[in-house]
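Engineer: Construct the complete structure from the given sequences, taking the supplied hints into account.
Here is what each chain is made of, one letter per residue.
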Amino acid sequence: MSGELKSILATDCGSTTTKAILIEKQGDTYRLVVRGEAPTTVEAPFEDVTRGVLNAVMEVEELAGRKLLDGDRIITPRNGDEGVDVYLSTSSAGGGLQMMVTGVVKSMSGESAERAALGAGAIVMDIVASNDGRLPHEKIRRIRDLRPDMILLSGGIDGGTKTHVVELAEIIAAADPKPRLGIGYNLPVIYAGNKEARTEIEEQLADKCSLVVTDNLRPVMERENLMPARHKIHDLFMEHVMAQAPGYKKLMAWTSAPIMPTPAAVGNIIQTIAKRESIEVVGVDIGGATTDVFSVFEDVFNRTVSANLGMSYSVSNVLAEAGLPNVMRWVPFDLDESELRNRIKNKMIRPTTIPQSLEELMIEQAIAREALRLAFTQHKALAVGLKGVQQERTISDTFDQSGSGDTLINLMNLNLLVGSGGVLSHAPRRIQTVMMLLDAFLPEGVTELAVDSIFMMPQLGVLAQVNERAATDVFVQDCLIHLGTAVAPVGKGKDGQKALTADIQFREPRRFEVNYGSLLQIPLEVGQTVEATLTPAGKLDLGEGNGKAIRCTLKGGIGGIILDCRGRRPFEIPTDPSSRIKKLTEWTEALGVYGPALETELQSADRG
Amino acid sequence: MAHAYTPGLRVNKETLISKTRRLPLKGQVVVKKGDVLGALDVVARTELPGNVQPLKAASILGVHQQDLEEYMLKNPGDSVEKDEIIATAKSFFGLFKSHVRSPITGTLESVSTITGQLILREPPVPVEVTAYFDGTVSEILEEEGVVMEAVGSFIQGIFGVGGEVAGDLVVVVSGPEDELHADLLKPEHRGKIVVGGSRVHLDAVSRARELGVHGIVVGGIDDADLREILGYDLGVAITGHEDIGVTVVVTEGFGRINMAARTFELLGSHVGRQASINGATQIRAGVMRPEVIVPTQTVLTDVQHVEKEPEGLGIGSQIRAIRVPFFGRLGEVTELPPELQKLESEATVRVLKVRFQDGEEATIPRANVEMIET
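Residue numbers (this note's numbering), protein chains in the order written: chain L, 601 to 1208; chain A, 13 to 386.
Be aware that a few hints might be false.
[What the hints assert, rightly or not] Only some residues are given here: those of chain A computed to face chain L with a beta carbon under 8 Å:
| hint | residue |
| --- | --- |
| 1 | Thr127 |
| 2 | Leu242 |
| 3 | Asp245 |
| 4 | Leu246 |
| 5 | Ala379 |
These are computed hints drawn from the structure, not numbers from a lab.
What you are looking at is a predicted structure, and each value in this text was computed from that prediction instead of being measured.
Where is the CB? At the ideal position from N, CA and C, for every residue including glycine.
Structural biologist: This is the structure in structure tokens:
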């Protein structure tokens, strides 16, 4: 199929909106032509997902001025000017894929099972492990109450003891869980544990569940083998879960490739880009209810979803988890605690409202920083040690497992940080997005920043499976809005003392000096690059060691180049309110985040 | 665009109220179509499978799990009583005996020779669904439940805690701007649904629990008070299962906000009538809001009240501002400019112009108002 494609239609059926994009080959390259959207129609009164798909495609049809539909049918294959070569789709409608996973030891097979499920695009509702501290009847009740779409049962290394994993199967059998959607089928359970225990597991579960057996995801202690389990999750997602959702049988017949869970597709495009550019990437999608974080470090892909960190439905939970002082530290004015609490709760109960006043915007962006920071902290805790598919750690590393090993996330090596989701994509000024990403992720050394303003990563992710080139062409040229490059030395300095000297080769060479505790923005437009020599002061490090200069290429963007000398490890904000407000005001003024805009705020360069 | 539709909370003086009352599992419907019922009458019942208790019998007996069956005194399927000996083993030439006693009354479900575990199941738990409000059974859903109907007032709140309760309505404040303090609640309010004004205080909720007040309907509540009432900080708005002894329905939002005059007057017109309220709130796809139902006509001869189609937001529509800086204020739409406008926050959005009840005029994002539906 690949190589011959001229016209591609892709949709993403989200829980509220169905988004369609039309991609066409223009000369040698693939470009986004138009996009359309319509409300998702999984729930009453329509209860047929294809209705929303057709509405979104109809909008694309009108905007592109080309016939794509023949009644209620997408025209494929293309016939001259009518129709498209392929039609693809992703879906997170109906709350996405909700799974429960089990393992014998929570921090070992339990964590491996969690990584397998998350990587396949699922939300992990709970991890049931032999050593999770709950009594068996509590586990049984939990499984019953949660009603997952699917269970991944793992535990034990091949040839090891069978008792614990069979005990977990007994617990599942006793719970006799019913699937969340549909009543006419058995709950899918994937067994990916000790292969010696397969017979016993079948005895326990074959009659009660739709049991599928696959390779052990932890065949030996020091190796994970997650892909067979992930493939089975995708197969069962299509066969059981999706097939139960209204209209999906029809949609499955329309698409040229299997429908993917939305987060799995996003993970796919991020991995494709990391591989193609040989870079290390972090991506984040902050939504109303959840925040997804994706990363590729040392060729290992990881994904986490923070199910209760978001900007509307879950906004109150951000406050509960981060604590009031952590939210307040980003607010550049005085605000009474009970007033802030009430405002956040009012946003929770009326999630579609938008900030009208500047103060409200500042509060919303303060909460976003904390939601992103917490989601990233959770990601760092899971993206650890034991490496993905078929890669081994040394046996001595294995004993670190109790502490979950070292995180793979090395911010100094991070090349590209991509943000997505309403609060980042629709910030009134792009520099606000830059600031939120910097504050929440605290990137170190030299890092390029970008935002996916219309969220087409899901559609590009599923496209990457069919035609990688088309997906990456559009990703680089149309999907990302380049925000610029951040330079942040690591270490602690003294406020007001020189922290960084940047010699940048514009038409004329220019030198910039930044003091510790400050930020400086240097305009550099999208598409432009400059060579630079960056020299951190004595105790500060840009990756080569304390005080050692680095030479690099800096890429431009809407925010230009940001020299961020506010310190890393530690990054500190004054705790007393008046000093905090003074410092935050100084930083936001330096970049024109709020108040009078700086010239570099080139909103006109947006392509969203 | 001359019209935009911003769904609001319903405040209906007289409408046909129809609710599906469904069991969580299939069971038995115990009423007939056309039956006229009271709020507390049972319409359907079923039995949920009992809880399961695993028991590590082999390790209690100190025997190998493969041999467990030899020591069992009961077989799978047998009934067991709490503390009854269900397995026994002798050791040291029969000098010592160890026993396994059942921790529950129920049945022995299985004996595992792989894990050495027994699975015991408690007796089924009966579950009943009530009519919820006074009305007529208009439809029977075989083995699942019924549809209940009545004509009366229907008011949606914005947020609530606690489940379904019923009681006579009583207004304890003199106006929608008054706050509800503990001293306004008296012993005669036991079993009643109490209507407050702009804010219910923590002390009033505590007093209501002590007195056995069934429910509180009020304009606002402070988040700090809610946290005290629940004992935790509410992270996600999914409520209804709280066991706090009183159901609270908030009509406007968090903070001190006057109850909309229309809502207050409507509730006031029903003093002495029985109301059914539910605090259950779910703000996700498939949103669920708390509600107050006051049936005025429970025997339906034929359906004379047809629900009005929701109208679009237009000039003259009554709205409520639902975000700072105008939060909680009520007014009338005076203009719906079609072009996008830039706000103080610099977001560029669709707006409307509103004249508030005090005559002040303002421009507000359309996303930040809700229609007061009648």
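Engineer: Hint by hint, note whether the structure agrees.
Structural biologist: Okay, the hints, checked on the actual structure:
1. The beta carbon of Thr127 (chain A) comes within 5 Å of a beta carbon in chain L, closer than 8 Å, and the hint placing it at the interface holds.
2. Look at Leu242 (chain A): its Cβ only gets to about 11 Å from chain L, farther than 8 Å, so that hint breaks.
3. Proximity of Asp245 (chain A) to chain L holds as hinted, the smallest CB-CB distance being about 4 Å (cut-off 8 Å).
4. With a least beta-carbon distance of about 6 Å to chain L, the hint placing Leu246 (chain A) at the interface is held under the 8 Å criterion.
5. Interface restraint check for Ala379 (chain A): the shortest CB-CB distance to chain L comes to about 5 Å, inside 8 Å, so the restraint holds.
The structure shown violates just one earlier hint, number 2.
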